[in-house]
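Here the protein sequences line up with chains A and B, keeping their order. Those letters in the first sequence? Residues 1 to 511, by my numbering. Those letters in the second sequence? Residues 1001 to 1555, by my numbering.
It is worth saying that the hints were derived from the structure and are not from the lab. Some hints here could point you the wrong way.
Stated by the list, open to error - PhoX-like mimics (lysine-lysine), calculated; alpha carbons at most 20 Å apart, straight line:
{"no.": "1", "chain 1": "B", "residue 1": "K1037", "chain 2": "B", "residue 2": "K1518"}
{"no.": "2", "chain 1": "A", "residue 1": "K198", "chain 2": "B", "residue 2": "K1239"}
{"no.": "3", "chain 1": "B", "residue 1": "K1095", "chain 2": "A", "residue 2": "K191"}
{"no.": "4", "chain 1": "A", "residue 1": "K79", "chain 2": "A", "residue 2": "K128"}
Spelled out from the first residue to the last, the chains are:
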Amino acid sequence: MAAAMPLSLLVLLLLGPGGWCLAEPPRDSLREELVITPLPSGDVAATFQFRTRWDSELQREGVSHYRLFPKALGQLISKYSLRELHLSFTQGFWRTRYWGPPFLQAPSGAELWVWFQDTVTDVDKSWKELSNVLSGIFCASLNFIDSTNTVTPTASFKPLGLANDTDHYFLRYAVLPREVVCTENLTPWKKLLPCSSKAGLSVLLKADRLFHTSYHSQAVHIRPVCRNARCTSISWELRQTLSVVFDAFITGQGKKDWSLFRMFSRTLTEPCPLASESRVYVDITTYNQDNETLEVHPPPTTTYQDVILGARKTYAIYDLLDTAMINNSRNLNIQLKWKRPPENGYIHYQPAQDRLQPHLLEMLIQLPANSVTKVSIQFERALLKWTEYTPDPNHGFYVSPSVLSALVPSMVAAKPVDWEESPLFNSLFPVSDGSNYFVRLYTEPLLVNLPTPDFSMPYNVICLTCTVVAVCYGSFYNLLTRTFHIEEPRTGGLAKRLANLIRRARGVPPL
Amino acid sequence: MAAAGAAATDLEVARGRRAALFFAAVAIVLGLPLWWKTTETYRASLPYSQISGLNALQLRLMVPVTVVFTRESVPLDDQEKLPFTVVHEREIPLKYKMKIKCRFQKAYRRALDHEEEALSSGSVQEAEAMLDEPQEQAEGSLTVYVISEHSSLLPQDMMSYIGPKRTAVVRGIMHREAFNIIGRRIVQVAQAMSLTEDVLAAALADHLPEDKWSAEKRRPLKSSLGYEITFSLLNPDPKSHDVHWDIEGAVRRYVQPFLNALSAAGNFSVDSQILYYAMLGVNPRFDSASSSYYLDMHSLPHVINPVESRLGSSAASLYPVLNFLLYVPELAHSPLYIQDKDGAPVATNAFHSPRWGGIMVYNVDSKTYNASVLPVRVEVDMVRVMEVFLAQLRLLFGIAQPQVPPKCLLSGPKSEGLMTWELDRLLWARSVENLATATTTLTSLAQLLGKISNIVIKDDVASEVYKAVAAVQKSAEELASGHLASAFVASQEAVTSSELAFFDPSLLHLLYFPDDQKFAIYIPLFLPMAVPILLSLVKIFLETRKSWRKPEKTD
């Protein structure tokens, strides 16, 4: 900013009626909630929800005053006459098979769907402008939404909030699957929270942890809701949700235990003073079934039971607004420990770093008899830097073979033999006892066809067509402009000329 | 046989030559224009000469002044000469390429009966009230009433009076040179009410070479079609302070009347927000003597940046935003005072940043902490706050304190906080600023298009340029004939059209095709086609020259 200067001179009289009107009761409220769910696969899902409710008609013109509701979004509602807005940014994919059903799934990339008020005359223009503005607010490439990727669904995507009529003319839907979600999208999302990231549950939202996850989905949902039970007037509800799935094996060294600090590298220190409700729910459903295999610390004050997504669930509730919860220990670090860790062996995984180190995955598994075990690893094919291609890139690239080392129970108990005496072919691997023998197997290497780019293709095409044109033209030109006349056939051929050469050398007149 | 063969060969050679010539002709007559036409960038014609003419534009700002003489204001024989018109013209010396001349066209006339009656009343306010009613004056025009030398309308030691609307009162004189003396007084008063050098210099601050006052002059916001005003309450410590402000009432009572009065200068929108946990960028120092915290003057520029990221950009419009922040310091840092250069606390506890907005620090009364538990409820005294913000708003709009001539009485402000002639003065300045901006934009666009021949000029861009040029000329004409309102509107049109043309995205479409790449693409086609044609042309040329020379030699 330019230089700031103190204001010293003030000559201004303010006239007009003074007096105070009594402050109205707060017309907006904030509730925040975090649900932590240990997933069947051993991962941990954390779902944040921040709900701001504002008892105000945003559609009216003129002056607008914001308290908890963010001004940037409120202005959008009134300027573009929005009825509902749903925007999500997602990195990764929710794997229902391993993780169970999600609370709120979102497609990979960016998804935006909007219901406009029926007063909007040019829906497409508003939609275009709105996506441009949102792209500025959330630092995302939503400006690439145009008619080529916008649809108007007629059966799906009904309004989630209060709605009188559902004329699908006012609905627009677009997905940008390529959108990469990163810190720059999270920062503006966090700024919309009344407590920013200074207090309450939002303290946990530390970008470098949230993006070190298998799944990250952040969303903004705006919709009108009933203000009271009789629904005489409407309120606006803004829900900001964020779901992440932490890979327990990477962060927890193979154990399924977790704590807030280990996942977010932060602990809860103080409740958000603006929130009317601030709670952490921990899913402890397995606690009841499997006879004390897990334990949460600190012990919850209350629990909550309900049927969620078709299954009976038990949640431990931690209320941050309960003063005893944080004041006793200055901070709250919820921990969950598995008392008798399920015996699923040992898994060590070391992720690769581009051009520095390869992936390493080691698993110690006890195989049941007569079973088939499949270990599959997914990888992405990526373009290399163009200097990194081998001279024959079309041959493909090798992925080194896997190694399987096993102690196989022997059919016949072997006699303990003297190490030095036994034949050499039998004494390479040490054998601890006679009932097992050791084998190490290698799988085939995998040959992967990587995409190979052709950088000079357009120029080659131009050169080739031009050359073809030039060759055709050249022969045509020659044909038309050259003078053709009949030449007397040379008498004799090569033999005669050779003979003449020899004759000249000999000094004899030529033939 | 040989002769027939030679004749056939000659015929063949002539045919070949004709074919080669025909090829060359087709390539030159058909091929070259076709290539030229299909790869040409479309450039609509632009009024280059008119644009360069705009730089030498002479701005005449005419202020129509109606001078009304009451019966005993001037000697009787002078009164006989009424009505007549005097023009007072003066060039305003600015280091700017446009010549700006200021013309006061004074139309002298006698007072009508009801004006006589009004001006003989007891006080200026009464007279004003009576004069007001009949006619509404046009924007930019002024009416000066000349009253008798001994009239009791003004206090005895005052020579003139500037009213809140477009009227002024000047004392007359019984003197042989009465018109000259009064004329000078009138010009003084009229200048204070309309155009002065510093007003224009501030308006053109961006276009003038830097000088030592430029920072001061660059304080007002740049002219724009509209402005957004955002009041933000920053509460960095919601655990200790539960701050409430009646911003809705305050805006309705204090800000809206002011903005309604200013509405001729642009569209205004007002909104407010409360931001929690928004900290200043600087840690205040502790002053143990007064057990308070202070921010010294040179740390103030660092205060704004971290706060600004929380303010949020205005999503709904492209107008410039004026931010007014009310900062309630956290409990650990209160009370907090702003110190000026000399280390004394600033009375208003506020400061402003040019073209950005203002910040006021609002300390919570220490008595409130004693009785209650945290958080304490804080009701903001909006009168105190709005006083400061409105004064800052005036400064940021460039409504400075007028330079009143000596012995001149200035009326108190109207309830809106803005006098009508102050608005006129703002419109004069904004019109000149708009014209300067539009001219600069058009000139640089013309220069750019002249320099880079690759740029496509579409018809709509060209029509915007024509519109802008026409609007600049119209605005200058209207200024010269004293129609301020229409001149201002035309100058706004000029700025809008010129910027539309300048920032049109179609100008950028073909900018990234450098010539070397184009040749890399053309050469594989052009070289094999052109070489045989050129070679055969050279050959034909040489042969014809030889055949011309031959006859000479035989002679």
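Here's how the hints hold up against the structure:
no. : hint              : verdict
1   : B:K1037 x B:K1518 : holds (15 Å)
2   : A:K198 x B:K1239  : holds (12 Å)
3   : B:K1095 x A:K191  : violated (47 Å)
4   : A:K79 x A:K128    : holds (13 Å)
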